[in-house]
Structure formats: C-alpha cells, structure tokens
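> The residues making up each chain are set out below.
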Amino acid sequence: MIEWEPLLLTFKLAAISTLILLIIGVPLAYWLAHTKTRLKPVVEAVVSMPIILPPTVLGFYLLIALGNSSFFGRWLNDTLGIQLVFSFSGLVLASVIYSLPFMVQPVQSGFAALPQNLREASYSLGKSKFNTFSKVLLPNIKTSLLTGMVLTFAHTVGEFGVVLMIGGNIPGETRVASIAIYDEVEALNYDSANQLSFVLFVISFTILLLVYFINNGKKFWR
Amino acid sequence: MIQCEFQKKLQAPHGEMLLDVKFTIEKGAFVVIYGESGAGKTSILRMMAGFLSPEKGKMKVAAETWLNTKEKQFLEPQKRKIGFVFQDYALFPNMSVEENLNFASADKNNKSHLEELISIMELHGLRDRKPATLSGGQQQRVALARALVRKPEILLLDEPLSALDHGIRGKLQDYILKVHRQFGLTTILISHDPGEIIKLADKVLVLENGQITKEEKPVEIFTKSKLSGKFQFSGEVMEIKPEGVVTILSILIGRNVIKVVCMQKEVSNIKAGDQVLVASKAFNPVVRKIE
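Sequences listed follow chains A and B, in order. The opening position of the first sequence corresponds to residue 1 in full-length UniProt numbering, with each subsequent residue numbered one higher. The opening position of the second sequence corresponds to residue 1 in full-length UniProt numbering, with each subsequent residue numbered one higher.
This is chain B alone, in the form it adopts within the complex (with noise of 0.2 Å):
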C-alpha cells in the first residue's frame, strides 16, 4: 500500500496555487489521476519519485517511508522501486535500444529478464537503433521496458501517450496493462482520455485546483453528468473518435465543443456533421440524431 500525502506551492497557470492532496493506493491497483492540465498531476507523480520535494509531506510504501518532511526523511530517487515513463520519452540520445536496457541494469547477470522484456515489448529488430531513428510509438516501448529493467514495484506513467497517434496508442495501452500483470506492478497513470481510463483504471484520482475532488471508478466518472435534473442542446457532431470499448463525440453546441462518451452501437447511425439532440436525464446524457 502506498499512502502519500504532499503540499506544495506551484506555479500554475493563473497564478500560485497550493497543491494539497492526501490519498492512499492499494498494491496492485492501477490507479489514473485525472485533471486539467496545472491542476498538478505532474507534480505529484514526480514528488511520489523523488524529482521534486513537497514542502510538507509523507511518503509510506508498504513499512517504508520515502519522505517524511517532519523528520527530515527522504528517500533518493534513486533507492525507491520505481520505474518511470516521461511523456517525451528520455531515452538517452547517444545510446543504442540495447545499450539504454543496459544502462538500466545494474546486475550484468540479468540477460533473462532483459530478454523477456525486449520480447514482451517486441524491440527484437531495433537492438542497434539509436533513438532518434525510431518512430514516437516504438521509442514509447524501448522507454516502457527501460522502465522495468530493474523490477520495480512501481511504475509511474507521466501522460505517456498523449502524443502518439490513436491507433498505437491501443496498442501502447495492451503493452502497458500486460506489464502491470505479469509483474505485479502498482501503476499510476497520468491520463486526459476516457478511454483510456476506461480501459485501463481501476480507479479514477480527479485532481482539481491542486485537490483531489473525487476519488472513484472511472465508469462513474464518465458516465456521470455534471448537471442535474433534466436538460437538453442540439448541436452539430464535429468529430467521432473511438476510444477502445467507448466512443467519444466532439459535439458543437453554441460556440462550444463539448465531449460526450458514448457507446459504439448507440451512434452507428451518427456521422460528422449531423445535428444531433444531447440530452441529460439524471446521470447518462442521451444523445439522438435529429430528423
């Protein structure tokens, strides 16, 4: 179990703001904060990794303390069992794919699992490639198993793959949800995509303003409507965008864009740019074509 609590004053968009946020993480869990960009979930994944310091703050994992700002307690980066995956990737420029696995292991006797990962994560043609010839998608993967290489407990995903394309992004996520698996990992996921809370999570870290403000399922989060009791907009459908099990739809209402989840068989019959009617009941916004 890892229980974190941190403050800190951070540079936000709109000025200072106090990140202040307590929660607790089951082992085994895969666990997704989600939130607005400066809401500080970068922050708190690299606090949890040791980058950045909280001005007070406590870090349990299992018996463990990694931080203790009372005590004056830290734990270095690099004693904790964790691996971490950056959004740009950080795969060191002047080393080959294998010689970045290398650099990882500490212990040259572990040819076993360095293989394993390279063939869980299919790098067997891009051995000798240095990193700038591989492709966004495959430089994600040599990262992913770097990350492994020296069996963390932990692994912590920093918006990993917001800047791939959809398609290998579902495949990126397969890899990812593999790992978690097969070796037992605790994952934290910093993600903006329903679907890919959806497919991934099993529970949701909305952080707000610095605060965590619902700590729940991702179904609930998303299927949920913000408002209640009974409202409804027509509007023009911009984009339609599968997200795995779910479909997202970019719908034009006035002079906004708002994004609705939905199933993939309720909007077989919707196309970009049909009008189309949303309409909230309690909870799941219902969406229907406009004859």
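If we strip away everything but chain A, and leave its shape as in the complex, we get (with noise of 0.2 Å):
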C-alpha cells in the first residue's frame, strides 16, 4: 500500500509556497525588470543564489538563523510563539526561499520582454499603475507566469536537503516525499520507497512536460 500522508505533504507545501511565492515573487520581479538602482545586481544574485547553493548550506544558516540559539529564533519563540525549526511553517518559509529564482526570473524576463510603449500607452489612457499592472501587463506574461508557478511547484516537490536540515523527518508535519523515501531505503524497505518515487516521477514528468507544451504552442494555450 503507497503511504499517501508523505505525498499529500508535499504537494500541500509545494502548493502553498507557490501561492506565497506568486504574491511575494511576481512584485518583485516587476521591481527588478524595471528598476534602475545600482543595486539591482546585488538584489539579483541574493534571489538567484539558491540554484547554485547546495540546499544543505542554505538548510544549515536557515536552521541556525530560525534555531534557539540565535537571537532572531529566541525572540520568535519567546515573544510571538512561533517555532520554525522542525515545523511545517518552517518549511514553508525554506521552500518559498529555496524556490524564490524559479518564480522570480521566468517572471522577470517576461516583463522584461514586454514593450515599454504598453506601460505608457495605458498611462496615456488614464490608468493608473495598478490598473496597468493588472489589465495590461500580467495577462500579457501568461506564459512566464504559468512557467514561474510550474517550475516553482516541482522545484519545492523536489527539495531535499534544505527539509532535512531545517525540517527533520516528523511524520505529518515536515515527513515529505523525498525524505520517506531516503528514511524507506535506508530501513531497506525499496517496496515503499519505489512506490513513492514513481509517484513522484511520474508527476514530475507530467507536469514538465505540460510546460514544455504550452510554450511551445501558445495557440493550444490561447
């Protein structure tokens, strides 16, 4: 029998960071497409870093930054209650960061992409910015949207060390998929292990291939 609980987890977190990911991402990557700061090099390595970062340093300073014995976790713990460390919200937190470029950039170089003249033709119209972000500009990066939450819900799918690090392996709190199987082939169970990793494979697969085909063909899309 598959154990569904590691699975629904996943896709619980998955689904929720991609959610949080849209409405902290997509403002931002506006911000960036846009901006002309000097610091905007800098802004774009930290939201970019974790692609290259192993996930377990990113775990690691996660885990020591939220953890009791920082000053910062204290006072979560202490004033607010909240634990992060080897908790769900925890992970939430690790997979929003972990998975920030993957909504970020597609985001990004479809605003970039789009004319400047659309911007300030609906200025000239009378929008305001709001109006013109919402009516204009985001129906028009569909498909950068649609890339930046796919991409950000399979990348949160597939995390491994930073749950690890930060979250443990507590069943129905922070036990996902990657992490049962790792715990299922280490107790030598490769039944269990399989059966997970197939679901997970097959999912993946489906779902990368869904991109693919919407962005290669706009008009089954439209």
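A hint or two may mislead.
[As the list claims (entries may be wrong)] Computed far set for chain A versus chain B, every beta-carbon distance over 12 Å:
{"#": "1", "residue": "A15"}
{"#": "2", "residue": "G81"}
{"#": "3", "residue": "L114"}
{"#": "4", "residue": "R119"}
{"#": "5", "residue": "S197"}
{"#": "6", "residue": "V202"}
[As the list claims (entries may be wrong)] To spell it out: a stretch of chain B is covered by chain A in this simulated footprint if at least three of its residues, at any positions, have a beta carbon under 8 Å from a beta carbon of chain A; those stretches are:
{"#": "7", "stretch": "80-86"}
{"#": "8", "stretch": "94-106"}
{"#": "9", "stretch": "144-152"}
Hints in this document: simulated from the structure, not taken from any laboratory. Note that the coordinates shown come from a computational prediction; the quantities given were computed from them, not determined experimentally. Don't be surprised by glycine CBs; every beta carbon is placed ideally from N, CA and C.
Please dock the two separately framed chains into a single complex, following the hints provided.
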C-alpha cells in the first residue's frame, strides 16, 4: 500500500509555497525588470543564490538563524510563540526562499520582454499603475507566470536537503515524500521507496511535459 | 496654447547630448517635429506626455501648469489631456479591438463617442479581432481611435506611419487630418517624410543635435536650398516616389544619394535610371534631363 501522507504533505507544501511566491515573487520580478537602482545586481544575485548553493548550506544557515541559539529564533519563540525549526511553517519559509529564483526569473524576463510602450499607452489612457499592472501587463505574461508557477511547484516537490536540515523527519509535519523515500531506503524497504519514487517521477514528468507543451504551442494555451 | 521649455541630457548615437528646447504651439495647430534620428524628437514628445522628465523645464497648457521643475510641479501622464500614438502601435495584445477601445473609455456611458470613432476609422469589421491578426495599417487605425477615446485636446504622434507602406500611409494621413479638424485637436507629429509634412503641417520645428534650429512653414523648409549661389551636379535617378502633392527623387551624385522634392509635372518625363542635372539657383533646385 502506498503511504499517502508524505505525498500529500509534499503537495500541500508545494502549493502553499507557490501561492506565497506568486504574491511576493511577481511584484519583486516587476521591480527587478524596471528598476534603475545600482543595487539591482546585488538583489538579483541574492535572489538567484539558491540555484547554485547546495541546499544543505541554505538549510544549515536557516537552522542557525531560526533555531533557539540565535537571537531572532529565540525572539520568535519567546515573544510570538512561533517555532520555525522542525515545523511545517519553517518548511514553508525555507521553500519560499529556496524556490524564489524559479518564480522570479521567468516572470522578470516576461516583464522585461514586454514593450515599454504598453505601459505608457495605458498611462496615457488615464489608467493607474495598478490597473495597468493587473489588466495590461499581467495578462500579457501569462506563459511566464505559468512557467514560474510550475517550476516553483516542481522544485518544491523535489527539495530534500533544505527540508532535512530544517524540518527533520516528523511524520505528518515535516516528513515530505523525498525524506520518506530516503528513510525507506535506509530501512531497506525498497518496495515502499519505489512506490513513492514512481509517483513523484510520473508527476514531475507530467508537469514538465505540460510546461514545454504550452510554451511551444501558444495557440493551444490561448 | 502650449508653452514648453525642456532641458535634458540624452544618450545620443554620438555620445552625450544636451537637449535644450523652447517652443510655443498655438491651440489647434498641426506641428511637425523634423530632424535626424537621434536628434531628440521622441524625447520631446515623451516629455510632453509626461513619460519622461526633463532635468529642467516648464510646460504650460493654456493656464494649466503641467510641469515646473523649479517648483517641483509635475502632472502625471494619466491626468494630462493627451492622446499618444506610437510607431509600433502599442495595442494591448490580450484585448480585442473593441476591448482596446473600451479599456480607454473611463465613462461607460460614452458609447456614442466610441461608435463615432469606430465609424470614422472604419473599424466595424474588426471589432472582435485581436491586434496580432491585423495589418499594420489596421493596427494604427485602432491605435489612433484608442488615443481619441478620452477626447484629448492634444494628440501626440510618434512617427506613426513610418512602418507602413506608401499607399496605406496616404490613407492614414487623411484619417489624421480628419480627426485633427473634426475634434479641434492640437496635433504634434514626428515625421521624416517631406511629402507627409507638406501635406499635414502648419508649422515645422527642425531639430538638430538637441536644438531647434528652424521654425518655419513646411514649404519654406523643403523648397529652400541649403546652398547659396548657383551649383549644379549631374547624377542618376535611383527612385521616383510620389508623396501626396509632391514627388521625391532620389538621385545618385558621385557616391551620395540625395533627395530632391519636385512637383509632379516637373518630373513627368523622367524615369529611374535617367541621367539628370540638378541645379540650384538661389532658392529652388531645378532638375532637368540630360539629353
């Protein structure tokens, strides 16, 4: 019998992370696409760090920063009663940081590829910045948004190192599919490991296939 | 009346350039800004629209101040009564023709004005089409209609016709002239095309390296020779291009191609490949076939 709990937890984590990244990643991408500040390369480097950084490094620093040994971690725990390490909320925070570049980069290039004229045309028609953003710019980067969402989701499904460092292996709380597979293999339960792996394999392939399908044939999407 | 004074450093093809202009445009006038590419024409238009801020400057429309850098006054583009038409149309790709027009309309009860524009620009058959399925000329008609939905007082046209074929350009010039007159607009057009300028403009501002060097009637600018005294060259006709009321001859003289504005009947016996003599008397160049 397949163990569904880790799979459900994985998809819950991926869905919540994707939603949060939509909310913070899209405005950040818009800002990066249009800012003229000299700090832009710095911000871009920070956002993209998780792509090259070993996940364990990210997880380790998050563990230090959010744990009880740090001032911030103690303050969160003592004042707000929030404990982020070894909890689902901590996993969400870590995933958001870990998958940030996968949302920001496609959306940023989507915004940058839109002609500047579209914004100005909308302003000249009396439309506010917000209206222009939501009715003109966002609808015209649909494929970039979709790519960002799918990549974020898939990347979160695939995370292992960060989760292991900051979440551990608590069933129903932080024991996501990738951790469960590792756990089963260690216990030599190859059958259970195989079942979980196969489900992840199929889902990941389907997701990526969908993205390439849509990006290659825009007519299909429209 | 529109009074403008702009100063701004621009990155031009030959390095940094100071755009420093001051001009006045009468209400209801049709003014063309003419000059080499990189002279700062588009920047002037964008500053009038409020898309670009000058380092120093003032702009007043009738009694209303739109810009005064000294007193830190700046009216947002959204609040300026302008219509702006771009060279590449800038229609919203996600909206149909009708949705593009409706988007511009703040007042949903404004149906009759919308219908009027659709009929002036002959857009009936195109209502439900997406911009990507339209030809350049059709897109620019939609863009022109869209720019007029809010009943602007000033129409700013940034080389709107330069990407279009000659025949379509002529038709669109007629549309522009029609709305200019019908809605009592003050129109400012950027154009490179002498035929177009002579056909449309009341006044031409000639921009060279960020400065307005001439402010004259179009005919005066294009019929006066830059050379004084008498010169004459012979060359080969490369191309004969009718441009509305005039004809433009491209003539190869030595290794340079020059363009000469002629009246239609002056050149009726000349065809491409003919050897011609280009002579300049004090003012008008004279073009004659070499037998």
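> All hints, please: hold or fail.
Cross-check of the supplied hints:
no., hint, in the structure
1, A15, "holds, 26 Å"
2, G81, "holds, 46 Å"
3, L114, "violated, 9 Å"
4, R119, "violated, 9 Å"
5, S197, "holds, 41 Å"
6, V202, "holds, 34 Å"
7, 80-86, "holds (count 5)"
8, 94-106, "holds (count 4)"
9, 144-152, "holds (count 4)"
In this structure, the hints that do not hold are numbers 3, 4, in rising order.
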